[in-house]
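Visitor: As a plain string of letters, each chain reads:
2 protein chains.
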Amino acid sequence: MREVAVIGVGMTKWGELWEKSLREIYTETALLALDDAGVDKIDSLIVGSMSSGLFIGQEHLASLLADYLGQAPVPAARVESACASGGLALRMGFIEVASGMADIVLVSGVEKMTDVNGNEATYALGTAADQEYECYHGITFPGLYALIARAHMEKYGTTREQLAMVAVKNHHNGSMNPLAQYPYKITVEAVLNSVLVADPLRVLDCSPITDGAAAMILCPLDMAKKMKKPVVKIIGSGQATDTIALSSRKDITWIESTYQAAKKAYSMAGKKPQDMDVIEVHDCFTIAEICVTEALGIVEKGKGGKSVEEGVTSLQGKFPVNASGGLKAKGHPVGATGVAQAIEIVKQLREEAGPRQVKGAWVGLTQNMGGSGGSSVVHIFERT
Amino acid sequence: MREVAVIGVGMTKWGELWEKSLREIYTETALLALDDAGVDKIDSLIVGSMSSGLFIGQEHLASLLADYLGQAPVPAARVESACASGGLALRMGFIEVASGMADIVLVSGVEKMTDVNGNEATYALGTAADQEYECYHGITFPGLYALIARAHMEKYGTTREQLAMVAVKNHHNGSMNPLAQYPYKITVEAVLNSVLVADPLRVLDCSPITDGAAAMILCPLDMAKKMKKPVVKIIGSGQATDTIALSSRKDITWIESTYQAAKKAYSMAGKKPQDMDVIEVHDCFTIAEICVTEALGIVEKGKGGKSVEEGVTSLQGKFPVNASGGLKAKGHPVGATGVAQAIEIVKQLREEAGPRQVKGAWVGLTQNMGGSGGSSVVHIFERT
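As given, the protein sequences belong to chains A and B, one line each in that order. At position 150 of the first sequence the residue is numbered 150 (my numbering), and the sequence of numbers has no breaks. Quick note: to get my numbering, add 1000 to the position in the second sequence (first position is 1).
Since the hints were made in silico from the structure, they are not lab data. A portion of the hints provided could be inaccurate.
As the list claims (entries may be wrong) - For lysine to any residue, the following SDA-like pairs were computed, each having C-alpha atoms within a straight-line distance of at most 20 Å:
#  : chain 1 : residue 1 : chain 2 : residue 2
1  : B       : K1318     : B       : K1250
2  : B       : K1271     : B       : M1001
3  : A       : K13       : A       : P178
4  : A       : K303      : A       : Y68
5  : B       : K1250     : A       : Y68
6  : A       : K263      : B       : G1100
7  : B       : K1020     : A       : Y133
8  : A       : K359      : A       : T384
9  : B       : K1264     : A       : D103
10 : B       : K1263     : A       : K359
11 : B       : K1013     : B       : R1002
12 : A       : K233      : B       : K1041
13 : A       : K20       : B       : G1360
14 : B       : K1041     : B       : E1024
15 : B       : K1250     : A       : G70
16 : A       : K41       : B       : K1264
Here the structure is a predicted model, which is why all the values come from computation and not from measurement.
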């Protein structure tokens, strides 16, 4: 297998982009990534999107985007693993470059979620759960994560305030990210007083509905060394699945797919959790970040809530988590999230993260998750 | 890159499978393929499905299927390129094995299309065209292919009877395939007298709406040589895109994406069109087979219709096309089609095709297509 590097990244401001279509937001970010990499031709294109069929009535997405980007007849693939579609796109791009099938691969994620109404969006997002065994009975994603939160509180004494602190930390970081959908600081009180969605989760525990895209260019490391930009290597890629229905799990507070994916990525990279300088995780709900930091091995099992309170995962802490603002503040266009996480790590390792820069960051990790943990994708990056 | 082999295939009878869910038809075929290969553990799972979101309200499909198959925490990816999703899954599995990331990869395609009504199915299939520039104005897929058919008739003198002969040939072959949805012979008169769908195409020019799945097991060639079954190598893989909207093409009778994908596959395989002993192509409509045989280079440009009439593509002809019955007789569960095409070639090269066996078949080709040719995937297989 060839070594793989990231040589270009592109992202535009996320939010409710009613004046733009999916193909427009995709193309803007793809062109930025090509420009950043200093290339104009690609050998292959991979795009992660969770549900362009339900959100905008468009499948055959990769071909559409290759066409609109002016890159046909390039091979183009769309991949899907619910909210981990972006991470999966990165993994498939990594494999394609590593295999020798393609040199320059454009990896993107995109989702246009605000062209449907709230009920339709909730239905579309619910397709990441088990349609027959979960959604049919009326549960939605805030409900599933509320069950996880309640179980974590009961089992480990995690407090309502600790959940809120995840949102406060991520909005603090996000306030320094001009591309974030909600770059505003919030307080614990604001979270605790926000509208109840699914007890104990309130609206400020939830990531928003977002339109957005993110793009990056991969190539073999040998080729990357000739580029002018600082080169970031992808040194580990792990993906794993778990039962899709929460009810089938032995312990709903433990995200086994993240544990398994991280184990593979650490092993491939030859690294330990302690080696990670900057980390982006899938905080679709505040409780998710708590569970994920435990499964990644950067905090002790059951101590995810306490670690947030103690500042372990803050920008100045031992393991800065979600410097970008996370899904919570940056927004969560589901298929795009995994690629945007990787872009944040690349920016951090290139020392281009501005006021939210983690000093001396040399190794970074991304964790992207589908559904309530039915799938996870973990990547590890290193500065050269 | 490592050499890649197919060591197991699995398929069940296709049709209107109202008594089974998507996960059931998927699992049946996956278990058959595992059994055929003589393995019970896989390293990775890739599934092609065009629109499980619109057809059954289920995304996060690969995780669901890994779970239901009892293979979690295996990495699982769903890929989509409209009706070429199955071919794309095969290509991604080929790349994964070639790269060294995984040894045993389960590649499948699946679609459950009959749980929605006809209007909903037409809408879902329309998402393979350009939603904004084509579907919005009211055109559907029979309409798009009718435009291609009319143009081909005008430009090359292709006759209405020649179109019918494609359906007659494929139903003749399909009558010998017990897994086909419609294993019945038809006549030219029956096609010409069937209900008009979009002039000049009649209902017997169109592939049907189908529930079905197909599965195969890939592994490195070195590992395959230890298996008891005859080993079939994948010696070429090509994928290409074209404008998604028909109106953007210079010549709508020419499928450029198939030409480009085939060119890459022939080059990788070190073969010419003349070397192909058995060929499966994407006959979603009769006119499609005519255009595709031209783009593959097995018949002269403009002579696709005449070649059918002359028997060039019949089971006893120089280039037997769609020995399986094709999409026309076998059925067309969109995401599954590309994998089923590959299964037919594997059976032919293993000499397991029964009464429809092409004698002495040594090299075979599959061509799977998305939309009206917005994407094509071509694979070439060789007996060892």
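Visitor: Would you list, in rising numerical order, the hints stated earlier that this structure does not obey?
Guide: 1, 4, 10, 11, 12 and 13
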